[in-house]
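Chemist: Here's the letter readout for the chains.
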Amino acid sequence: MNTMGCSEFLDQLDVWMEGEAHPDARAHMRSCPGCRTVVEDLNAISQAATTLAMEETEEPPERVWVALRSQLEREGLIHEPRRVAGSRLARWLEEISAGVPRPALAGAYLAILIAVGFGLCRPIDSRTNAENWAFSTQSSTTPLSAQLNNAEISAVSMAGSSKSLIAASLHKNLDIVDNYISLCEKSVREDPENEVARDYLYEAYQQKADLLAQMSDRGVDGR
Amino acid sequence: MNTQHSLSPHFTWKRAGVLIPGLLLFSAGPIRAQRTEKHFKVEERPVITVHNPNGTITVKAWTKSEVMVTASHATGQVEVDAEQTGNRVDIMTRQLADAGPEDFRADYEIRVPQDAELQIHDDSGAVTVANVLGDMNVETVAAGVDLEDAAGYLTVKTVGGSFQCLRCAGRLEVSSISGNFRFVDIRSYNLRAQTSTGNILFSGEFLPNGMYRMKNYSGVIEVRFSPGDSFDLSATSLKGKVNNEAKLTPPAHQERLLSRFGNSLFGTFNSGRAKVELSSFDGTINILKRD
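For the record, the sequence lines run as chains A and B. Heads up: the first sequence begins at 356 in the working numbering, then just goes up one per residue. Heads up: the second sequence begins at 14 in the working numbering, then just goes up one per residue.
Fair warning: there could be bad hints in the mix.
What the hints assert, rightly or not - Partial pick of chain A residues on the chain B-facing surface, computed with a CB cut under 10 Å:
no., residue
1, Ile521
2, Lys527
3, Asn528
4, Leu529
5, Val532
6, Cys539
7, Asn549
8, Ala552
9, Gln562
10, Asp565
To be verified - A few chain B residues facing chain A, derived, Cβ under 8 Å:
no., residue
11, Ala155
12, Gly275
13, Asn276
14, Phe294
Hints listed in this document are in silico derivations from the structure and should not be mistaken for laboratory results. For glycine and all other residues, C-beta sits at the position ideal for the given N, C-alpha and C.
Using the sequences and the hints given, assemble the complete structure.
Modeler: Structure (C-alpha cells):
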C-alpha cells in the first residue's frame with residue numbers, strides 16, 4: 356500500500372533526481388499524475404541543460420543568476436537556512452549548475468520556473484503563518500540583498516568618476532531603486548505576510564540587477 | 014623633363030614632422046559638422062536597426078520601398094555606418110578617436126516603408142517614430158521616446174527616459190525606472206506598462222477583450238474612460254489612494270476579491286469586456302471620466 360503523500364514525495368525530490376528513490380516514493384509516483392508530471396518536467400529540464408551545455412560556452416550576464424535566484428525565492432522555492440523541499444531542490448539545481456556550464460541553465464531558466472513553480476508551490480504556500488513568512492522572507496532576501504550590494508560595489512567602482520549624462524542617469528536611477536528597495540524591505544519586515552509588498556520587493560531586486568548589469572556593460576565611462 | 018620641384022629654402026623635414034600631423038588633427042577637429050545621406054532599396058517588411066549612444070533619432074514612414082538615412086554629427090571623431098544585409102539595414106554610430114561622452118553623438122533622420130520593423134537603441138537624446146506600423150523595440154537610458162500612429166508589437170524600455178504614445182495600436186509593453194508614460198488616444202488591445210517612480214496617464218479606448226495593466230511604485234496612475242467603454246476593473250494601491258469616478262457594478266463574490274492589503278477597488282463598468290488592472294505601491298490611482 357502506498358503511504359507516501361505528495362508533500363513527502365516532493366520533500367524527497369532531490370534524492371529521487373539523484374536516482375535513489377525509496378520504494379514508497381516509486382509507488383506514489385505511479386499513482387499520482389501531478390507528481391509524475393513534476394518529475395517528467397525536471398527530467399526534461401535536466402536533459403535540455405545537458406544538451407545546451409554541449410552547444411554553448413558563452414557565460415551569461417550575472418543578472419541572469421540574480422534574476423533566477425530572485426524568482427525562485429519569490430516562488431518560495433529556496434530558503435537557504437532551512438531544510439525544506441525548496442532548499443533541497445536548490446541544492447539539486449546547484450549540483451546541476453556545477454556539472455554543466457551556466458548558459459545551459461540560463462537557457463532552461465523559464466522552463467525551470469514554470470515546471471518547478473507549478474509543481475512545488477502548493478506545499479510551500481500552505482505555510483502561511485506570520486512566523487514562517489517572516490523567517491522565509493528574511494532568509495530569502497538577506498542573501499539576495501547582499502549579492503546585489505556586492506554587484507553594486509563592483510559596478511560603481513567600474514563606473515569610476517565618470518560625469519557623462521548616461522552615467523549620471525544610471526547612478527540617479529540606482530539611487531531610486533535603492534530607496535524603493537529599502538521602503539519595500541521595511542514594509543515586508545512590518546508585515547511579513549503581505550504578498551503584494553513581497554512582490555514589489557522582488558521586482559525591485561530584479562530592477563536593480565538589470566541596472567547594475569547595464570552599468571557593468573557600459574564600463575568605465577557609462578557608455 | 015625634370016619633374017622634381019624645389020622646396021622652399023625655409024622648409025625642413027623636421028618642421029614638416031610637426032606641421033603635417035597638426036594639420037591632420039585640425040582637419041578632424043571638433044568644429045567640423047558632417048552630414049551623410051544613404052539610400053537602400055528594400056523589400057516588404059524590412060528590418061532597420063539603429064544603435065546610437067547619444068543624439069536624436071527621428072523615423073518617419075513613407076510610401077517608397079526604400080530606406081533613407083540622413084545622419085549628421087558635429088565632430089570628426091565619430092563615423093556613421095549604414096549597411097544593408099538582405100532586407101535588413103543596420104545603422105550604427107562609431108567612435109573613431111577618443112571622443113568625450115558628449116562628442117560621441119549623431120542625429121538621424123530616417124525614412125522607412127510603413128511596414129518596417131524597427132530596433133532602436135539610443136542611450137540619451139530623443140527617439141521619435143511616426144506612422145510606422147511594423148513591430149518595434151526601443152531601448153534607451155535617458156532618451157525620451159515618442160511614438161505616433163504606430164502599430165504592431167511595440168516594446169519600449171528606458172531607465173529614466175519618458176515615453177509618449179499618441180494614437181498607437183497593437184500591443185504595447187513599456188517599462189522604466191523613473192520615466193513618465195503618456196498613452197493618448199490609444200487603440201491598443203494589449204498594454205502592459207510599468208515604471209517605478211514615474212506617472213502613467215492612459216486616455217484611450219478600452220477595446221473589447223483587451224487587457225490593460227499599469228503598475229508603478231510611486232507617482233500617479235491616471236486612467237480616463239469614456240461612457241461607452243466596457244471593462245472589468247481592479248485597482249490596488251498598497252499605501253496610496255484610489256480615486257474613482259466610474260459607476261462600477263461590484264463583483265458577485267466581492268468578499269473573495271477584496272485585497273487583504275492596501276486600498277482596492279474591483280468592479281465592472283458596463284458589460285466588462287476589457288480587463289483593466291492598475292496597481293501601485295505608494296502612489297495614487299485615479300480613474301476619471303474623459304472630457
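Chemist: For every hint, state whether the structure bears it out.
Modeler: We went through each hint and held it up to the structure:
no. : hint   : in the structure
1   : Ile521 : holds, 5 Å
2   : Lys527 : holds, 7 Å
3   : Asn528 : holds, 4 Å
4   : Leu529 : holds, 9 Å
5   : Val532 : holds, 6 Å
6   : Cys539 : holds, 7 Å
7   : Asn549 : holds, 5 Å
8   : Ala552 : holds, 6 Å
9   : Gln562 : holds, 6 Å
10  : Asp565 : holds, 9 Å
11  : Ala155 : holds, 4 Å
12  : Gly275 : holds, 7 Å
13  : Asn276 : violated, 11 Å
14  : Phe294 : holds, 5 Å
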